[in-house]
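Protein chains in written order, with the numbering used here: chain A, 1 to 788; chain B, 1 to 261; chain C, 1 to 161.
Some clues are possibly wrong.
[Unchecked claim] DSBU-like cross-link-like pairs, simulated, lysine-lysine; straight-line CA separation at most 30 Å:
(1) K274(A) to K71(A)
(2) K8(B) to K3(C)
(3) K97(A) to K274(A)
(4) K565(A) to K3(A)
(5) K76(A) to K349(A)
(6) K55(C) to K79(B)
(7) K8(B) to K55(C)
(8) K561(A) to K572(A)
(9) K591(A) to K561(A)
(10) K588(A) to K571(A)
(11) K571(A) to K561(A)
(12) K55(C) to K83(B)
Treat the hints as calculated values from the structure; they're not laboratory data.
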Amino acid sequence: MPKDHGIGASSKRREDVRFLTGRGRYTDDINLRGQTHAVFVRSQVAHGRIRSIDTAAAEAMPGVLKVFTAKDFEGKGGVPCGWQIHDRQGKPMLEPKHPILAEGKVRYVGDAIACVVAETLEEARDAAEAVEVEIEELPAVIDMKAAVAGGALVHDELGSNLCYDWGFIEDNRAPTDAAFQTAHHVTTLELVNNRLVPNAMEPRCAIGDYDFARDDYTLYTTSQNPHVIRLLMGAFVLSIPEHKLRVVAPDVGGGFGSKIFHYVEEAFVTHASKVVGRPVKWTCTRSESFMTDAHGRDHVTRIELALDREGRFLALRTETYANMGAYLSTFAPSIPTYLHGTLMAGNYKTPLIYVNVKAVFTNTVPVDAYRGAGRPEATFQLERVIDKAAREMGIDPIEIRRRNFVGADEFPYQTPVAVQYDTGNYQATMDRLVQIADIAGFEARRAESARKGLLRGLGVNCYIEACGIAPSNLVGQLGARAGLYESATVRVNATGGLVVMTGSHSHGQGHETAFPQVISEMIGIPESMVEVVHGDTSNTPMGMGTYGSRSLAVGGSAMVKATNKIIAKAKKIAAHLMEASDQDIELKDGKFTVAGTDRSVDWGSVCLAAYVPHNYPLAELEPGLEETAFYDPSNFTYPAGAYACEVEVDPETGKVTVCSFAAADDFGNVINPMIVEGQVHGGIGQGIGQAMLEAAAYDGNGQLLSGSYMDYAMPRATDVPFYKVDHSCQTPCTHNPLGVKGCGEAGAIGSPPAVVNAVIDALNRGGHKVDHIDMPVSPVRVWQAING
Amino acid sequence: MHNFEFVKPSTVAEAVRALGREDAQALAGGHTLLPTMKQRLAAPAVLVSLTGIPDLRGVRREGDALVIGAATTHAEVAKAAAKDYPALARLAGGIGDPAVRNRGTIGGSLANNDPAACWPAGALGSGATIVTDRRQIAADDFFRGLFTTALEPAEIITAVRLPIPARAGYAKFEQPASRFALTGAFVAQFPGGVRVAITGAGEDGVFRWAEAERALAANFAASALDGLGVSPDGLVGDLHGTPQYRANLVRVMTGRAVGAA
Amino acid sequence: MTKVTMTVNGRAVSGEVEGRTLLVQFLREGLGLTGTHVGCDTSQCGACVVHVDGKAVKSCTVFALDAAGTEVRTIEGMANADGSLGPIQQAFQDNHALQCGFCTPGMVMSSAALLAENPRPTEAEVRDYLEGNICRCTGYHNIVKAVLAASGQDVSTIAAE
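Bound-form chain A, shown alone (with noise of 0.2 Å):
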């Protein structure tokens, strides 16, 4: 019988009950009294010098109440980027200023360059209009390569637009050499891995408030993390200390890491407040999130593959252009890098493995963390360069796999890219995907196909991640510039209720129902008992956020160390209470009970207890039953699954059609299966979407042509089948307390080298030799790769 509670149980979301009846409350549902809007006037050229800005024209149009422009922001610092990368020689990356509104220069289509502030929306609008606005055009620096070969400069004061020339490991590069002079057979890829447009669909928003009486700020946004906005956005932008400044992230419309990063908008909405002694509102349309969310992927990399006669991996190099856009995003740097280059081994023992990484500032959107963020791109080049190297090879790519996988007795697993895996069982988990996916039953399912004059393939590839980032004095020194913990206040209430304050933040991922479910299970008592109270700096503690399926693994073991320094002081209330030694006291089933005796105490009568403390050991104990707990995990964890996807092409038209998806998973410890399976769903619906639909595609002059949902495809419900998903291969994280490494990133990083691989092997066993077709696989480009 599956649980109907607590660790393990598919508890049903309390949070859905808002959501289904319209009474969620996320930022654009909130209106301040006296609130303003603000519209930006944004620009339409990629790269210019601007000439002059007239607002006059704007400031007499009526409703309006200020037009600012970069002056206004002088003395202000720019939006500051949390991670610094040093390069081959150790020299710190090129870092420029990310001004609030654009100074001197515009960078690309989208930069704000002014911002009226108007009694209505409507209003604001038509006074943006009317902003005059002289740029004198410069040629557009948008190819990568190009960029660092010189020409234009993004930042004429930097001097080159290369940001940095990054090796990973600088000491494994002449040994990586040397071993391919002698492998077998030497496998090479070039690909591109496609730049995406996050979209989240609830677009950005952001409502600015200060409070002259109380001489404070209050920052209502839509963000994965409210307390590093203000830390980011009080200390470096605005020079605001935080006990001035609360930023609250309500409800919250999907991030996937675009909602993590500081935007300008938030530091311009947070001033102008200020500055006109009103609200201000700023809500975000989606053809302007196009141009302002910070976009994903977008690298050009060379691979190669060395292997050995039995296929036997023996080096592996790279060499990846990676774009940065025209400013550093918040966590820019570190995802082609640290996040990208530590999981060159996915599950396999390579020996050799040297990573160059080559960012690029281009009149772009700025580029950053998108679900998986370097990962995907990591497992998306290894996984495809193996599938060549097996078909080159006449090797099974099942099997080629299984050859080279990290044994399930090699834990802890030191790889030559400097991380070291704990736990895992590859083998056992391609044996769960060969099962659900019934990869037995293929040839019959081709025939089938084929009858249909359909070419139908096979792709199989498994990932590995790195979930949690952390240890904080480790990360350090890799050059961030934050902590990596988590943290969670649980207040026992003095009739027994919880409430867990989290530093991390639901946007999606069920945190009110299952955080409860861990302290339902460690206290025995129902989760109806706990709240989650999160996404509000004034009754949180400082955490980190949520990004990098970090939230139960670090934010969930800081709820587990808070709750265990909670049962460890009720046990002395119930030792009192009891007359005997809190060493004796066992708490099951929200009852302690005195080991071996009858006698017990239940939790709501402890809990009083210390809130009416009249028979209270109060010399050596404090009353009140409430802890926090900071949570900085020793290593990362590390998900890891096997993916197989089938694929139907119509050579006539080149489309594809996915038939079906299957997804074999190891997430250590399971919480609640009915989520975890939900945010397998989305990965997978997402990577489809990215390796069959989704480009952010710009033209020579750095004009996005697919700014809108008329050009940018998203996946639709037609788009994709019923996917067949399994977490039963469970290897428990080693090193946190609840054994568990992350989930929400996985289907994302495992599932576009199973599309493109499907499509490839269909297109090969339909006798089209075709290596490669960069993603989106679209009709076009299959056609275009058949028709030669």
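Using the hints, position chains B and C against chain A.
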């Protein structure tokens, strides 16, 4: 968007009068016009809604033709034409998505003449007559290039008369983002010949593929198209397909339309 | 400004609007019914779907004045009379058909329109009908499952091994 005066007449005559005002614009389902106005690319001073005119709605059979009121929604056509002209019903039922089909109208689509819309292919392929408040225009004379038609200022389409063919089929290859036709082919066989109308592919919008019409008139089978092809010259090239790719789709989709007929 | 009157969730309502005021703006700002969301500006995402005279429409692409005199139903009008979740809402919760919740109101409204037209749709019919509703969280798996469940079909074997 810019503000405007909204008027909703209940007769065609009132609508024509309102459209005679300066910078007046007709509004049907609005699924092209509203997004354009949101981008401030259209800024009418007066917007004349045509959805409140009972005379403009409905589908009726008149002899060998189907007559569809201009303000009839795609969803209504999909339902009402299913028996008399199933290929047309399928075309209407495949436009956009259900919510779009509940608002978008045949007249609005024809007046807009989007080069990737379905209705121009259905009307041209059927050899339809576009009926306006003042005259009747043959489909062959109606479509005049991208977003351009034979309509005069303030002229309102009131109905579309579509001769019912012996057999007809529509095959659309969807552009993956907008779900408009990357290329769509409408094929209709009449006693006097075959008409083939192609949408989505041409730089000037919908066009007839004469070579295929002749071949299909001789032999109404997909195999009749073997060896035929349109030139990529004059076909659209964009993010979603090159002119060569669209030329291929023209042939493939025409064959599939024949198969569906 | 012009006065507009309509029925929303069974209640007669009216308000002053401009010509350019969209139905979704009137619902959200005029009536405070913020359950209906705006996710795009090209009439594609479907977060704003409501029923007008029983038909699913995108309320971001209808002027408030064009909806004068109609019966509008929004997500706020979908619960049972006692406030408990209606059958489609309940199926969405039971099947984990939502994550961030932003597309959910539109999904529920479109699903309700589908089931009104077609009480026992196939999987393909569900997917087809939801073509105009974009979800970024769920990969659609559990949404399609929930709609099938709401139609009374057995979903226990979906994607089982």
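**Prompt:** Are there hints from earlier that the structure breaks, and if so, what are their numbers?
**Reply:** When the structure is compared with the hints, only number 5 turns out to be violated.
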